[in-house]
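Going down the list, the sequences are from chains A and B.
According to my numbering, the stretch in the first sequence is residues 3 to 250, in order.
According to my numbering, the stretch in the second sequence is residues -7 to 254, in order.
Calculated directly from the structure, the hints in this document are not laboratory data.
Among the hints, a few may not be true.
Claimed, not checked - In silico BS3-like cross-links for lysine-lysine, where the CA-CA straight-line distance does not exceed 27 Å: (1) A:K93 / A:K231; (2) A:K93 / B:K109; (3) B:K109 / A:K61; (4) A:K175 / B:K109; (5) B:K210 / A:K93; (6) B:K227 / A:K183; (7) B:K109 / A:K92; (8) B:K31 / A:K92; (9) A:K220 / B:K210; (10) A:K92 / B:K227; (11) A:K230 / B:K227; (12) B:K227 / A:K175; (13) A:K61 / A:K161; (14) A:K61 / A:K92; (15) A:K92 / A:K198; (16) A:K198 / A:K61; (17) B:K109 / A:K178; (18) B:K171 / A:K61; (19) B:K210 / A:K161; (20) A:K230 / B:K210; (21) A:K175 / A:K230; (22) A:K231 / A:K183; (23) B:K109 / A:K231; (24) B:K227 / A:K93; (25) A:K198 / A:K93.
Claimed, not checked - Which bits of chain B does chain A cover? Going by a derived footprint, with three or more residues having C-beta under 8 Å, they are: (26) 39 to 49; (27) 111 to 118.
Where a beta carbon is used, it is the ideal one built from N, C-alpha and C, also for glycine.
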Amino acid sequence: MRYSRLALTFVTICCLMGSAIQSAKADDHVVVADRLYDMAGSLEITLTPTMSIFDKYTKHVAASVGLGYYFNDYLGIEAEGGYAFISGDKKLLDEILRVGVDNVSGIERLPLSDLKHMTWFASGSVILNPLYGKISLSAESDFNFHFYLIAGAGVAGFKYSTLEWPTASEFRKVDKDAGMKPTFHFGGGIRIHFPKGFSLRIELRDQFSYDEYDAQTKSEGGITPTEKKITDFIHITTLRFGVCYSFL
Amino acid sequence: MKTKALSVIVAVLLLASVASAQSPNERIHAIQKRDYSIKNKLELSIFAGPSVGDVFTQQIGAGLAVDYHFDEAFALELSWLTCKAPFYNGSEQTTGQFEGDGIRWGAMYTDAYDEVKNDAQLSPSNADLAMITNYVGMNVQFSPLYGKWALFNSSLGHADFYVTAGGGVAGTEFRNSRKLWQDTGTYFVGNFGLGFRIFMARWFAVRLEVRDYAFAAKVEEAAEAAGSTGAVSTKIRNTLFVTLGLSFLFLGEEPVQIWSPY
């Protein structure tokens, strides 16, 4: 699944770049004329509702606030902080636990990767706007857009579910703090410009963090759990809809 | 009175005939100099790509699509998506259970499946593991957006963006606990997606598309399979394919070039 995610990003970028580098027609001396929007010198604030997609066992719905500055039309920086209002396990985890409850009875920390869910984050990013374009909706109204790539780093707080066993066949999930970890992210999106300094950013972003996790496992038919260390990257892929307002 | 009514009708008819004689390309569009037209074109596409986002399964799909574009916005598409050689299931080991990973393109269970099975001694439901083998269906495509863009203000690209929705039938299967492939039935499959068509020439485009195929899987593991409980599991299965396609455009008409400020 991780390879697919990378392949998706790679193919998207290649496709956009490949098509864009075809030569301009002889009569198109100005590539896209009458550019209405330029990011140079823009200081903007962004409010971004976010939801995670492609998670294995976790789900996130978050909101973040960002402040960005663009040195020119192509390059900008952004600082951002966010909080996950919904951060927890998906139904799928409960389903597979219920079916195999006898096999995990007594285990406190499940031997599964990507169990950790993010509760808050703070990050800094570099934004590159290689593409500027115009799209028309049914040939009647036009929108100006920037396509952008984003990458950066930051920190985030994580939690994960542990199991408590009131009886041998009955479990209860309890959230445990997994601490703060450094995170990295990359992604891409489209910014659709509206008049009076407003724009809408639609973005796909993968946020990842290295994780070491002391889990427990049982051999087939075993009774006593044994310790097992899991090392993995936690990946959280998010779909983000940012409403931006530019001051300058 | 009759003369007045007649004059009005004649005037309306005259205006209507003038309006209908006017090429749609002569209207003032929001984006002028539309270099690429798909109206009345027949589009033949080949495409391939992986499924993404599913926790336990991974597939690679490839296929063919034929689109007829009624106008710049609407098209009807016939498509075939294959993740396995059609009409052949591999060598039969037991009744209805087959061996043959080579005829299935990239169909496999993910690391998460191995982790759940081997480390946690747990198991996803069989319905979570059902995979599409071959799909044939029909879609309606709506392309409301057409755009141009510049890369670092130096070169120009043209694309149209579309949404698509439709349905068809698909064969499905899953790999049981004996690691043999087992037919899990033919289902009605609904799909919807979105994508864009990047025009490289008037007869050639590259298509990047994301399409979700959904069906209600009902899977019963064969009773003779080792470790089988014979349980029936049901679930709405979603398989999201990201595909890259090459499209060849035939027929249709050349767009009329007019001056524009864009």
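Status of the hints after comparison with the structure:
| no. | hint | verdict |
| --- | --- | --- |
| 1 | A:K93 / A:K231 | holds (25 Å) |
| 2 | A:K93 / B:K109 | holds (18 Å) |
| 3 | B:K109 / A:K61 | holds (22 Å) |
| 4 | A:K175 / B:K109 | holds (21 Å) |
| 5 | B:K210 / A:K93 | holds (19 Å) |
| 6 | B:K227 / A:K183 | violated (36 Å) |
| 7 | B:K109 / A:K92 | holds (18 Å) |
| 8 | B:K31 / A:K92 | violated (45 Å) |
| 9 | A:K220 / B:K210 | violated (31 Å) |
| 10 | A:K92 / B:K227 | holds (15 Å) |
| 11 | A:K230 / B:K227 | violated (32 Å) |
| 12 | B:K227 / A:K175 | holds (24 Å) |
| 13 | A:K61 / A:K161 | holds (12 Å) |
| 14 | A:K61 / A:K92 | holds (6 Å) |
| 15 | A:K92 / A:K198 | violated (40 Å) |
| 16 | A:K198 / A:K61 | violated (35 Å) |
| 17 | B:K109 / A:K178 | holds (24 Å) |
| 18 | B:K171 / A:K61 | violated (31 Å) |
| 19 | B:K210 / A:K161 | violated (35 Å) |
| 20 | A:K230 / B:K210 | violated (35 Å) |
| 21 | A:K175 / A:K230 | holds (20 Å) |
| 22 | A:K231 / A:K183 | holds (17 Å) |
| 23 | B:K109 / A:K231 | holds (17 Å) |
| 24 | B:K227 / A:K93 | holds (13 Å) |
| 25 | A:K198 / A:K93 | violated (43 Å) |
| 26 | 39 to 49 | holds (count 7) |
| 27 | 111 to 118 | holds (count 7) |
Hints 6, 8, 9, 11, 15, 16, 18, 19, 20 and 25, counting from the list given before, are not met by this structure.
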